[in-house]
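Working from the sequences, and respecting the hints, build out all of it.
In short: position in the sequence shown from 1, add 17, done, that's this note's numbering.
I should point out that these hints are in silico values taken from the structure, not numbers from a laboratory. Note that CB positions come from ideal geometry on N, CA and C, so glycine has one too. Fair warning: there could be bad hints in the mix.
Pair by pair, the computed Cβ-Cβ distance ranges are [what the hints assert, rightly or not]: (1) G166 - P33: 30 to 38 Å; (2) D62 - H37: 27 to 35 Å; (3) E163 - A97: 20 to 28 Å.
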Amino acid sequence: EWESDDGALIEVSIDPSSWHSPLINDLKHRGPVMLDHIASHLSLDPPLVSLLLCSDDDMRSMNYQHRGFDKATNVLSFPAGDDFVAPDDAPDMESGLGDIAIAGETVMREAAEAGIPAGDHLLHLFTHGVLHLLGYDHIETAMADEMEGLEIVLLGQIKVANPYPEDGLLLGTREAG
Numbered sequence: 018e019w020e021s022d023d024g025a026l027i028e029v030s031i032d033p034s035s036w037h038s039p040l041i042n043d044l045k046h047r048g049p050v051m052l053d054h055i056a057s058h059l060s061l062d063p064p065l066v067s068l069l070l071c072s073d074d075d076m077r078s079m080n081y082q083h084r085g086f087d088k089a090t091n092v093l094s095f096p097a098g099d100d101f102v103a104p105d106d107a108p109d110m111e112s113g114l115g116d117i118a119i120a121g122e123t124v125m126r127e128a129a130e131a132g133i134p135a136g137d138h139l140l141h142l143f144t145h146g147v148l149h150l151l152g153y154d155h156i157e158t159a160m161a162d163e164m165e166g167l168e169i170v171l172l173g174q175i176k177v178a179n180p181y182p183e184d185g186l187l188l189g190t191r192e193a194g
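Shown next, in the form of structure tokens:
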């Protein structure tokens with residue numbers, strides 16, 4: 018478990034074959050801080066989130082099972098009460114706001130392709146996932162604009178550059194879940 022100074026909590030399950038320790042340590046420090054910023058910005062109690070840092074293979078299975086897409090994606094979110102089924106070897110992940118799964122190889126590949134720090138990209142995807150748990154979405158342009166704007170503000174509070182180019186969304190997060 019990773020806990021913030023204000024009591025936000027992240028229950029974490031990690032596939033060590035798909036994740037590098039420096040990236041995990043970066044999120045261990047900045048993820049709870051981001052949860053505090055989200056809670057403060059939206060006037061929420063300190064949230065509890067379950068996080069699965071998985072392989073692309075596990076993500077592909079979850080993406081196919083829940084969305085019908087037979088490919089890995091960067092992040093999936095499952096609000097509390099959704100029928101989330103984690104890979105067989107993952108612990109029970111359902112609690113609090115819900116569950117977020119992030120694919121390690123995809124995070125690294127996308128960050129390299131975009132020329133951005135992998136830790137910043139991971140924090141962005143985590144933030145994106147938490148906002149989905151809170152009901153934000155990007156199905157329609159107006160909702161996407163609101164969600165992206167909030168992500169930019171929240172990431173800026175932790176000194177992470179705007180993840181969205183001026184001409185549209187970065188790295189397919191509108192297609193991510």
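Pairwise beta carbon distance, D62 to H37, judged against the given window 27 to 35 Å: holds (33 Å)
Between E163 and A97, does the beta-carbon spacing fit 20 to 28 Å? The hinted range 20 to 28 Å holds for E163 and A97, with Cβ atoms some 22 Å apart.
Can you tell me whether the CB distance of G166 to P33 sits inside 30 to 38 Å? Once the Cβ atoms are compared, 35 Å apart, the range 30 to 38 Å for P33 and G166 holds.
In summary, this structure violates none of the numbered hints.
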